[in-house]
Structures are given as C-alpha cells and as structure tokens.
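Colleague: Now for the letters of each chain:
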Amino acid sequence: MRNLQQSNFFLRDVGMNGRSALLLLNVFLIILLWSCTPALYFGLKKEGERKITENEIRQIFNNSSKAYKFKTKIWIYGKYFSGVLAIKFMENNSYRTIFMNETGFKIFDIEFFPDSTTGKPDIILHHCLESFNNKALINTISNDLRLLFINYLPASANIFLSDKTGCTVYRFKKGKEHCYYYKDNSNGAITKIEKTGRILKKVIVYFKNYEVGDPHTIFFRHKNIRLKIELVGL
Amino acid sequence: MKVDKTIAMKTLVQYFLTIIMIYLALPMNGQDSFTPVTDVESLKNKLSEYNSRISTIESDFEQEQYLSVMTEKIFTKGYFCFKKENNLRWEYLEPYTYLIVISNEKIYIKDEEKVSKYDIESNIMFKEINKMMVGMVNGDILNNKEFQLSYFENNINYRVNLVPANKEMKEYISTIEIYLNKKDMSVDEIRISDPGGDYTNIFFKNKRLNQPVSDEKFTAK
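Read top to bottom, the protein sequences are chains E and B.
Numbering of the first sequence is given in my numbering, commencing with residue -1 and proceeding in unit increments.
Numbering of the second sequence is given in my numbering, commencing with residue 12 and proceeding in unit increments.
Okay, chain E solo, but in the shape it has when bound (with noise of 0.2 Å):
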C-alpha cells in the first residue's frame, strides 16, 4: 500500500492523475505476468480427467533392456559441466542413471525408484563425487530426469486436446506442481513436457530427432533458475 502511495505521488509529480496511474499500473502488472511466462493454457480444449490406458504415452525409453547413452552439457548459473549419462531400466523397477566425465570418472550415479507413498525415499544416490554434491543442485537434476519416466506417472490425468499442435495433452498432478506432457497424435511420441507451479511454468522439456522410436535430442530448459540441460543420443 505504501508502495502504490509512493508511486502514486511519483505519477502526480509527472503530472498523471490517480485513474491513469492505476490503470498504468495494471498495464505494467499485466505485461511483467507475461512476460514471467504464466502457466495458462488458452489453446487446451478440455476433455475431462480419466485413467490412462496401458501404452497410451509411450515410453521416452522404450527399450527396457538398453542402456541409453547420452552426449551431455549442463550449464548452471555460468558454470559449464560436460560428460556422458547413461540411463537403464533396472528389473527391480528402478532406472539407474550414471554421470560420468568423457574420460570416464563417474560424477553421479543416481537410482530412481517410482513415486513413493509410504514415506521410503525415492532415489538412492550411490555415489556422487564431492564437488558435486550439492543438495539443491542433485534434487533439481534429479527432479528434472524423473520427468523422464513414463512409467512412474499418476495413473490417472486430465486430457486436453491442443488446437494449435493437434497434440494431445495429459495433465498429471503431483504435489502443488503440474507436469503436462504433449504426444504427437500422428506417431504418439512426447514432443514437450513442462512442469508447472501454481502460475508460473518451472521446466520445459523439449524432445527432437525421433531415432528408432528414441528421442535423439532432449534438452531441459529452466525459467526460475539459471540451468539448462542438453542430452545428446550416442
């Protein structure tokens, strides 16, 4: 309130009156909302929340039995990490996945497991080397890579149709963020995946160069924090 007086006077003294200090005001709110890049979907059509059928999202890692290798670049807050990350899904139901420099040092081996409901943690970190062993930075990476994981999705979504990509948009809710994910109708391969929280999107993920039903490019684009991620297919 003292604010909006101190800025009122500021207005009178360049010789604006309340009315169209106000409205100036909400002109100025409303462009620094957007340009924050709300999380409002105008172009979604609803079609209503269900259970999602077995196979209706394809995997991002379709084959259950390869270890998935990836050319990687991370650049956070000016700093700049490179290697190679190898992701697997393990038969106890976990993905398992190895950062490791290009000449071969392991950085991080992370082990995720599906969503837990009874309080049991749901990654083990197995080994991180200790420059790198940053609480914020591993639970961010570590959130970003289980975007990754179909199979650990809420069973059930809300569905939306996008008029502008003719995707079909599944909405699944997991604490107080949002995570809708895009499928392209013609080949059912995730396009887009981004994270939301009460307004503002968090990340977006963006998936390119479809190999052999693989993603061959995945790239993690944060709005609120310096970081961005580049996964490469070897």
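Any given hint might turn out to be false.
[As the list claims (entries may be wrong)] Taking lysine to any residue pairs in the SDA-like style, the calculated list, with each CA pair at most 25 Å apart, reads: (1) E/K171 with E/E45; (2) E/K69 with B/F214; (3) B/K121 with E/G231; (4) B/K181 with E/F103; (5) E/K172 with E/P112; (6) B/K178 with E/H125; (7) B/K156 with B/N212; (8) E/K71 with B/T230; (9) B/K84 with E/L232; (10) E/K172 with E/I223; (11) E/K71 with B/E83; (12) B/K94 with B/T108; (13) B/K125 with E/L123; (14) B/K181 with E/L123; (15) E/K200 with E/E109; (16) E/K71 with B/K156; (17) E/K64 with B/F86.
If you are wondering where the hints come from, they were derived from the structure by calculation, not from laboratory data.
These figures come from a predicted structure and were not determined experimentally.
We have chain E already, so just place chain B on it with the hints.
Modeller: Frame of chain E; chain B shown alone:
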C-alpha cells in the same frame, strides 16, 4: 567303410575339441596368469632405459568402460600423442569429440567448440591429472609416492599395479593397472578401476615411437 567314417568323425570332433580347449586355455597362460616379479630392480632398469630412449609416442587408443549396472560397455576411440618433456595430447574422436592437451604448464580442454584453459599449478586436481597422465607415459608414475606399487608378469606383459595412497584420489580410483609390452616396454593397456568395482580399459593400438611430432599437436586445435 561305415566304421572308418565313424572313426574319422570322432577324430575330427576330438581335433576340434582340442583346438577349443587350447583356445580356452590360452588366456590362462597369457593375459590372466600373472605372477609377482622377482627381480623388480631389473624391471625398473628396463623401464628407465626405455624412458631415456623415447622422445615421442603416437598411438591410437580404444577405450571400453564397464559399468556393472549397465548391460552394455561404453566404447570410445581416439588419438594419443606425447612429446618429451611434458607435452601430451589425449583426443576422443568417436562417438564424440573431446580433447585434453597438456603443454607448458597449462591444460587445455576442448569440448566441441568450447576451449577452456587452466594453469596446472593453480589447481591441485589438474596437477594430479598432469602427474598421472604424463607420468603413465614417461614412467615417472613409478616414482610417485602417492601410489603403492606392485609388479607382476606373464609371457607377454609386465603389469604394474598402482594403489593410491591419498584420500582424495581414493574417491576416484581404487587401482590403476599398467600393462607394459615385454618386447619394447611400451604401454599396451591401462585399466583404471573405481571404488565401486567399475573399470575403464584403454588399449593402445598402432604405436609409433620416436617419430617426428610437430608442436602444433599440443595446441587446442
């Protein structure tokens, strides 16, 4: 006639079985059956003699990385080059490009188009990398007090086992095994194992010793 055929068939089967058994037995007499070196001084002298006559080494390398939780190994290929005293080029060419150059107390790392340059002395990690990478090639690693050394041999190779003594390095490496070719004492293979039991094997192929190597090789190009 029928009996002869049966005997012939039996002989043939025995012949192939013998070949298979010899083939299976070969690794027992070769790579795998190492015994401790009894005359370590003689081995050190041979190495020192090798190091004094080597001025340059060029080689291709093949690297295979074994991760126990993955079903597949990760294979990479590249080019390696060393020039006395302290110049080294370690370049991955397949399936990605990545270059490490050590020269004039600097380390250059080129990842695709991005080049980073570091002073070896400014960073303890680079100092260790330099000591290890160059030391493995010129033999200095055998005098490095940060490792406990043991020596083994078979018909083809000497194997030098290095176990890091300091805590920081133990986080990355449990052992380094260097396989030296008995014919010319050059390095045939290096195996680096980590504390989790995973390992990386590097095989050196097409070795060229003491051939002219231009200084251009030791720039990040």
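Colleague: Hint by hint, say whether it matches the structure.
Modeller: Hint check:
1. E/K171 with E/E45: 16 Å, holds
2. E/K69 with B/F214: Roughly 22 Å separates the two Cα atoms, so the pair holds.
3. B/K121 with E/G231: 20 Å, holds
4. B/K181 with E/F103: 12 Å, holds
5. E/K172 with E/P112: 12 Å, holds
6. B/K178 with E/H125: The hint holds at about 16 Å.
7. B/K156 with B/N212: 24 Å, holds
8. E/K71 with B/T230: 23 Å, holds
9. B/K84 with E/L232: 13 Å, holds
10. E/K172 with E/I223: 20 Å, holds
11. E/K71 with B/E83: Distance of about 22 Å is within 25 Å: holds.
12. B/K94 with B/T108: Status holds; Cα separation ~22 Å.
13. B/K125 with E/L123: The hint is violated at about 30 Å.
14. B/K181 with E/L123: 18 Å, holds
15. E/K200 with E/E109: Roughly 24 Å separates the two Cα atoms, so the pair holds.
16. E/K71 with B/K156: 36 Å, violated
17. E/K64 with B/F86: 15 Å, holds
The structure does not agree with the numbered hints 13 and 16 stated previously, though it agrees with the rest.
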